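Produce the complete structure using the sequences and hints provided.
According to UniProt numbering, the residues represented by the sequence shown are 1 to 324, in order.
These aren't lab readings, by the way, just hints derived from the structure by calculation.
Hints are all accurate, no fakes.
Pair by pair, the computed Cβ-Cβ distance ranges are:
#, residue 1, residue 2, range
1, 246, 94, 39 to 49 angstroms
2, 252, 150, 30 to 40 angstroms
3, 99, 57, 42 to 52 angstroms
Predicted model only: the values in this text are computed from it and were never measured.
Beta carbons are placed, not taken as given, at the ideal position from N, Cα and C, and that holds for glycine.
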Amino acid sequence: MTSSSSPVAARTSSQGGPALQRLLDALKNTVLGQPHVVADLVTAFLARGHVLLEGVPGVAKTLTARSMAAALGLEFTRVQFTPDLMPSDILGTNVFRPQENAFHLMKGPIFTEVLVADEINRTPPKTQAALLEAMEERQVTIDGTTHVLPPHFFVVATQNPLELEGTYPLPEAQLDRFLMRVRVGYPPPEAEMDMVRAFHQRQGRAAQVERVLDAATLTELQAQAASVACDESVLAYTVRLIRETRANPRVRLGASPRSAQALLAAAKARAALNGSDFVTPDDVKAVCPSVLNHRLLLKAEAEVEGLTADDVLRQTLERVQVPR
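Next up, the structure:
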(Lines of atoms letter the chains of each structure in order from A and count residues from 1; the text may use other names and numbers.)
(Lines give C-alpha, C1' and ligand atoms only; values in the text may rest on other atoms or scores of the structure.)
Protein backbone atom coordinates (compact mmCIF):
# COMPACT_ATOMS: atom_id res chain seq x y z
CA MET A 1 0.00 0.00 0.00
CA THR A 2 1.58 3.34 -0.99
CA SER A 3 1.05 6.84 0.28
CA SER A 4 0.58 9.89 -1.89
CA SER A 5 3.67 11.47 -0.38
CA SER A 6 6.11 9.00 -1.90
CA PRO A 7 9.53 10.64 -2.27
CA VAL A 8 10.11 8.63 -5.42
CA ALA A 9 6.96 9.96 -7.05
CA ALA A 10 8.02 13.50 -6.27
CA ARG A 11 11.37 13.15 -8.05
CA THR A 12 10.19 11.43 -11.22
CA SER A 13 10.62 13.91 -14.05
CA SER A 14 12.61 12.98 -17.18
CA GLN A 15 12.36 10.78 -20.29
CA GLY A 16 10.18 8.00 -18.88
CA GLY A 17 9.04 10.36 -16.11
CA PRO A 18 5.42 10.97 -17.19
CA ALA A 19 4.82 7.27 -17.80
CA LEU A 20 6.34 6.28 -14.48
CA GLN A 21 4.39 9.01 -12.72
CA ARG A 22 1.16 7.58 -14.14
CA LEU A 23 2.16 4.16 -12.83
CA LEU A 24 2.95 5.48 -9.35
CA ASP A 25 -0.26 7.53 -9.26
CA ALA A 26 -2.30 4.45 -10.21
CA LEU A 27 -0.73 2.41 -7.44
CA LYS A 28 -0.84 5.03 -4.67
CA ASN A 29 -4.63 5.13 -4.74
CA THR A 30 -4.83 1.41 -3.97
CA VAL A 31 -1.72 0.58 -1.99
CA LEU A 32 -1.63 2.84 1.04
CA GLY A 33 1.04 3.49 3.64
CA GLN A 34 3.95 1.52 2.12
CA PRO A 35 5.82 3.81 -0.30
CA HIS A 36 9.00 1.71 -0.11
CA VAL A 37 7.10 -1.40 -1.21
CA VAL A 38 5.75 0.22 -4.37
CA ALA A 39 9.10 1.87 -5.13
CA ASP A 40 10.92 -1.47 -4.83
CA LEU A 41 8.28 -3.30 -6.87
CA VAL A 42 8.50 -0.83 -9.75
CA THR A 43 12.30 -0.76 -9.47
CA ALA A 44 12.49 -4.54 -9.80
CA PHE A 45 10.23 -4.54 -12.85
CA LEU A 46 12.33 -1.85 -14.55
CA ALA A 47 15.45 -3.93 -13.81
CA ARG A 48 13.75 -7.06 -15.24
CA GLY A 49 14.00 -8.77 -11.87
CA HIS A 50 11.57 -10.61 -9.61
CA VAL A 51 10.29 -9.72 -6.14
CA LEU A 52 9.62 -11.66 -2.95
CA LEU A 53 7.17 -9.83 -0.67
CA GLU A 54 7.49 -10.96 2.94
CA GLY A 55 5.05 -10.05 5.69
CA VAL A 56 2.40 -11.31 8.05
CA PRO A 57 -1.05 -12.17 6.64
CA GLY A 58 -3.36 -9.27 5.88
CA VAL A 59 -0.89 -6.54 4.88
CA ALA A 60 -2.04 -6.56 1.23
CA LYS A 61 0.88 -8.39 -0.37
CA THR A 62 -1.36 -10.01 -2.98
CA LEU A 63 -3.33 -6.79 -3.53
CA THR A 64 -0.07 -4.99 -4.23
CA ALA A 65 0.91 -7.56 -6.86
CA ARG A 66 -2.56 -7.49 -8.47
CA SER A 67 -2.53 -3.69 -8.60
CA MET A 68 0.90 -3.70 -10.22
CA ALA A 69 -0.21 -6.15 -12.92
CA ALA A 70 -3.38 -4.18 -13.63
CA ALA A 71 -1.53 -0.86 -13.91
CA LEU A 72 1.05 -2.39 -16.26
CA GLY A 73 -1.70 -3.89 -18.40
CA LEU A 74 -0.11 -7.33 -18.28
CA GLU A 75 -1.75 -10.75 -18.12
CA PHE A 76 -2.02 -11.77 -14.49
CA THR A 77 -2.13 -15.24 -12.96
CA ARG A 78 -2.24 -16.09 -9.26
CA VAL A 79 -1.23 -19.50 -7.91
CA GLN A 80 -1.99 -20.40 -4.30
CA PHE A 81 0.97 -22.51 -3.18
CA THR A 82 -0.08 -25.41 -0.95
CA PRO A 83 1.72 -28.48 0.48
CA ASP A 84 0.18 -30.78 -2.15
CA LEU A 85 1.03 -28.61 -5.19
CA MET A 86 3.12 -30.43 -7.82
CA PRO A 87 5.58 -28.95 -10.38
CA SER A 88 3.25 -29.97 -13.22
CA ASP A 89 0.49 -27.91 -11.59
CA ILE A 90 2.62 -24.84 -12.32
CA LEU A 91 4.41 -25.72 -15.55
CA GLY A 92 1.78 -27.83 -17.27
CA THR A 93 2.01 -31.28 -18.83
CA ASN A 94 1.77 -33.05 -22.18
CA VAL A 95 -1.53 -34.85 -22.63
CA PHE A 96 -2.11 -37.58 -25.23
CA ARG A 97 -5.07 -37.04 -27.53
CA PRO A 98 -6.10 -40.38 -29.07
CA GLN A 99 -8.15 -38.78 -31.85
CA GLU A 100 -5.02 -37.01 -33.11
CA ASN A 101 -2.56 -39.71 -32.02
CA ALA A 102 -0.31 -37.00 -30.58
CA PHE A 103 0.68 -35.27 -27.37
CA HIS A 104 -0.42 -31.68 -26.76
CA LEU A 105 0.85 -29.33 -24.11
CA MET A 106 -1.67 -28.27 -21.50
CA LYS A 107 -0.01 -25.07 -20.35
CA GLY A 108 0.18 -24.34 -16.65
CA PRO A 109 -0.30 -20.95 -14.98
CA ILE A 110 3.38 -20.06 -15.45
CA PHE A 111 2.55 -19.16 -19.06
CA THR A 112 1.59 -15.62 -18.19
CA GLU A 113 3.18 -12.19 -17.85
CA VAL A 114 2.79 -11.47 -14.13
CA LEU A 115 2.80 -14.58 -11.96
CA VAL A 116 1.85 -14.15 -8.32
CA ALA A 117 3.17 -17.10 -6.34
CA ASP A 118 1.06 -16.66 -3.24
CA GLU A 119 2.53 -18.04 0.02
CA ILE A 120 5.39 -19.67 -1.86
CA ASN A 121 6.89 -21.00 1.37
CA ARG A 122 3.87 -23.21 2.02
CA THR A 123 4.82 -25.64 -0.75
CA PRO A 124 7.74 -28.14 -0.62
CA PRO A 125 11.13 -27.34 -2.22
CA LYS A 126 10.47 -29.66 -5.19
CA THR A 127 7.59 -27.45 -6.31
CA GLN A 128 9.37 -24.22 -5.40
CA ALA A 129 12.21 -25.30 -7.70
CA ALA A 130 9.82 -25.51 -10.66
CA LEU A 131 10.17 -21.73 -10.92
CA LEU A 132 13.98 -21.67 -11.14
CA GLU A 133 14.42 -21.94 -14.92
CA ALA A 134 11.51 -19.59 -15.63
CA MET A 135 12.83 -16.88 -13.31
CA GLU A 136 16.42 -17.10 -14.54
CA GLU A 137 15.96 -17.67 -18.28
CA ARG A 138 12.30 -16.74 -18.94
CA GLN A 139 11.63 -20.16 -20.38
CA VAL A 140 10.46 -23.57 -19.18
CA THR A 141 11.41 -27.06 -20.29
CA ILE A 142 8.70 -29.73 -20.33
CA ASP A 143 9.55 -33.26 -21.46
CA GLY A 144 12.71 -32.01 -23.16
CA THR A 145 11.01 -29.21 -25.11
CA THR A 146 11.79 -25.59 -24.29
CA HIS A 147 8.97 -23.05 -24.28
CA VAL A 148 9.76 -19.33 -24.23
CA LEU A 149 7.83 -17.13 -21.81
CA PRO A 150 6.63 -13.57 -22.56
CA PRO A 151 9.36 -10.87 -22.58
CA HIS A 152 7.83 -9.05 -19.59
CA PHE A 153 7.53 -12.21 -17.46
CA PHE A 154 7.57 -11.00 -13.86
CA VAL A 155 7.26 -13.10 -10.69
CA VAL A 156 5.91 -11.57 -7.51
CA ALA A 157 6.01 -14.16 -4.75
CA THR A 158 4.61 -13.66 -1.28
CA GLN A 159 5.52 -15.43 1.91
CA ASN A 160 4.75 -15.27 5.59
CA PRO A 161 7.59 -15.04 8.10
CA LEU A 162 9.37 -18.37 8.39
CA GLU A 163 8.75 -18.67 12.11
CA LEU A 164 5.08 -19.37 11.41
CA GLU A 165 4.05 -23.04 11.38
CA GLY A 166 3.63 -25.07 8.21
CA THR A 167 6.24 -23.32 6.07
CA TYR A 168 9.20 -24.51 3.98
CA PRO A 169 12.13 -22.05 3.96
CA LEU A 170 13.18 -21.19 0.43
CA PRO A 171 16.64 -22.63 -0.37
CA GLU A 172 19.46 -20.21 -1.17
CA ALA A 173 19.37 -21.04 -4.90
CA GLN A 174 15.70 -20.10 -5.04
CA LEU A 175 16.14 -16.92 -3.01
CA ASP A 176 18.95 -15.80 -5.31
CA ARG A 177 16.52 -15.71 -8.26
CA PHE A 178 14.70 -12.82 -6.63
CA LEU A 179 16.22 -9.43 -7.32
CA MET A 180 14.64 -8.11 -4.13
CA ARG A 181 13.09 -9.37 -0.93
CA VAL A 182 10.81 -6.60 0.29
CA ARG A 183 9.55 -6.47 3.87
CA VAL A 184 5.88 -5.49 4.09
CA GLY A 185 4.94 -4.25 7.53
CA TYR A 186 1.89 -2.62 9.05
CA PRO A 187 0.89 0.78 7.62
CA PRO A 188 1.00 3.94 9.77
CA PRO A 189 -2.23 4.91 11.59
CA GLU A 190 -3.30 7.56 9.06
CA ALA A 191 -2.87 5.19 6.12
CA GLU A 192 -4.75 2.44 7.93
CA MET A 193 -7.61 4.87 8.57
CA ASP A 194 -7.63 5.82 4.86
CA MET A 195 -7.69 2.13 3.99
CA VAL A 196 -10.70 1.36 6.16
CA ARG A 197 -12.50 4.49 4.92
CA ALA A 198 -11.92 3.48 1.26
CA PHE A 199 -13.18 -0.03 2.00
CA HIS A 200 -16.32 1.45 3.54
CA GLN A 201 -16.89 3.80 0.60
CA ARG A 202 -16.49 0.95 -1.89
CA GLN A 203 -19.05 -1.02 0.16
CA GLY A 204 -16.66 -3.94 0.38
CA ARG A 205 -15.97 -4.18 -3.35
CA ALA A 206 -12.41 -4.75 -4.51
CA ALA A 207 -10.40 -1.70 -5.54
CA GLN A 208 -9.99 -1.27 -9.31
CA VAL A 209 -6.72 -0.21 -10.93
CA GLU A 210 -6.76 0.93 -14.56
CA ARG A 211 -4.09 0.16 -17.11
CA VAL A 212 -1.78 3.15 -17.55
CA LEU A 213 1.03 1.80 -19.76
CA ASP A 214 1.16 -0.12 -23.04
CA ALA A 215 3.59 -2.90 -24.02
CA ALA A 216 5.80 -0.62 -26.12
CA THR A 217 6.17 1.83 -23.24
CA LEU A 218 7.09 -0.97 -20.83
CA THR A 219 9.85 -2.15 -23.16
CA GLU A 220 11.12 1.41 -23.57
CA LEU A 221 11.17 2.04 -19.81
CA GLN A 222 13.16 -1.14 -19.17
CA ALA A 223 15.61 -0.21 -21.91
CA GLN A 224 16.04 3.28 -20.43
CA ALA A 225 16.74 1.79 -17.01
CA ALA A 226 19.40 -0.52 -18.45
CA SER A 227 21.11 2.39 -20.24
CA VAL A 228 21.41 4.67 -17.19
CA ALA A 229 25.03 5.85 -16.85
CA CYS A 230 27.18 4.91 -13.87
CA ASP A 231 30.46 6.56 -12.93
CA GLU A 232 33.48 4.41 -12.15
CA SER A 233 33.49 5.68 -8.56
CA VAL A 234 29.91 4.42 -8.04
CA LEU A 235 30.83 1.05 -9.56
CA ALA A 236 33.72 0.84 -7.09
CA TYR A 237 31.40 1.82 -4.22
CA THR A 238 29.03 -0.99 -5.19
CA VAL A 239 31.83 -3.55 -5.18
CA ARG A 240 33.15 -2.28 -1.83
CA LEU A 241 29.73 -2.79 -0.26
CA ILE A 242 29.59 -6.35 -1.54
CA ARG A 243 33.11 -7.20 -0.36
CA GLU A 244 32.46 -5.63 3.04
CA THR A 245 29.64 -8.11 3.66
CA ARG A 246 32.12 -10.95 3.17
CA ALA A 247 34.61 -9.38 5.56
CA ASN A 248 32.07 -9.07 8.39
CA PRO A 249 33.07 -11.54 11.15
CA ARG A 250 29.41 -12.29 11.94
CA VAL A 251 28.57 -13.31 8.37
CA ARG A 252 29.00 -16.95 7.36
CA LEU A 253 28.36 -16.35 3.66
CA GLY A 254 28.55 -12.86 2.21
CA ALA A 255 27.15 -11.45 -1.01
CA SER A 256 28.41 -12.99 -4.27
CA PRO A 257 29.71 -11.23 -7.41
CA ARG A 258 26.27 -11.85 -8.94
CA SER A 259 24.86 -9.85 -6.02
CA ALA A 260 26.99 -6.91 -7.15
CA GLN A 261 25.43 -7.13 -10.60
CA ALA A 262 21.95 -7.29 -9.05
CA LEU A 263 22.71 -4.28 -6.84
CA LEU A 264 23.91 -2.26 -9.83
CA ALA A 265 20.88 -3.21 -11.95
CA ALA A 266 18.51 -2.19 -9.17
CA ALA A 267 20.38 1.08 -8.56
CA LYS A 268 20.15 1.96 -12.27
CA ALA A 269 16.43 1.21 -12.24
CA ARG A 270 15.95 3.33 -9.10
CA ALA A 271 17.82 6.20 -10.78
CA ALA A 272 15.49 5.90 -13.77
CA LEU A 273 12.49 5.89 -11.44
CA ASN A 274 13.86 9.04 -9.80
CA GLY A 275 14.01 10.72 -13.21
CA SER A 276 17.80 10.64 -13.49
CA ASP A 277 20.02 9.41 -16.30
CA PHE A 278 22.93 8.55 -14.00
CA VAL A 279 23.36 6.52 -10.80
CA THR A 280 24.27 8.18 -7.52
CA PRO A 281 25.48 6.54 -4.30
CA ASP A 282 22.08 7.38 -2.81
CA ASP A 283 20.43 5.16 -5.43
CA VAL A 284 22.73 2.30 -4.43
CA LYS A 285 22.01 2.85 -0.73
CA ALA A 286 18.26 3.01 -1.34
CA VAL A 287 18.05 -0.43 -2.94
CA CYS A 288 20.85 -2.15 -1.01
CA PRO A 289 18.74 -3.58 1.86
CA SER A 290 16.10 -5.18 -0.36
CA VAL A 291 18.65 -6.50 -2.88
CA LEU A 292 21.03 -8.04 -0.34
CA ASN A 293 18.99 -8.97 2.76
CA HIS A 294 18.23 -12.46 1.40
CA ARG A 295 21.73 -13.07 0.09
CA LEU A 296 23.60 -13.10 3.41
CA LEU A 297 23.91 -16.05 5.80
CA LEU A 298 24.81 -15.12 9.36
CA LYS A 299 26.80 -17.21 11.80
CA ALA A 300 24.84 -19.03 14.47
CA GLU A 301 26.21 -16.89 17.29
CA ALA A 302 25.09 -13.72 15.50
CA GLU A 303 21.55 -15.06 15.15
CA VAL A 304 21.53 -16.02 18.83
CA GLU A 305 22.41 -12.40 19.63
CA GLY A 306 19.37 -11.32 17.62
CA LEU A 307 21.39 -9.85 14.75
CA THR A 308 19.68 -9.88 11.34
CA ALA A 309 20.89 -9.43 7.77
CA ASP A 310 19.25 -5.99 7.77
CA ASP A 311 21.37 -5.04 10.80
CA VAL A 312 24.53 -6.16 9.00
CA LEU A 313 23.60 -4.15 5.92
CA ARG A 314 22.93 -1.03 7.98
CA GLN A 315 26.38 -1.39 9.56
CA THR A 316 27.93 -1.99 6.14
CA LEU A 317 26.37 1.16 4.67
CA GLU A 318 27.65 3.17 7.64
CA ARG A 319 31.20 1.77 7.37
CA VAL A 320 31.85 1.98 3.64
CA GLN A 321 32.91 5.45 2.56
CA VAL A 322 30.62 7.11 0.03
CA PRO A 323 32.38 8.51 -3.07
CA ARG A 324 32.35 12.31 -3.45
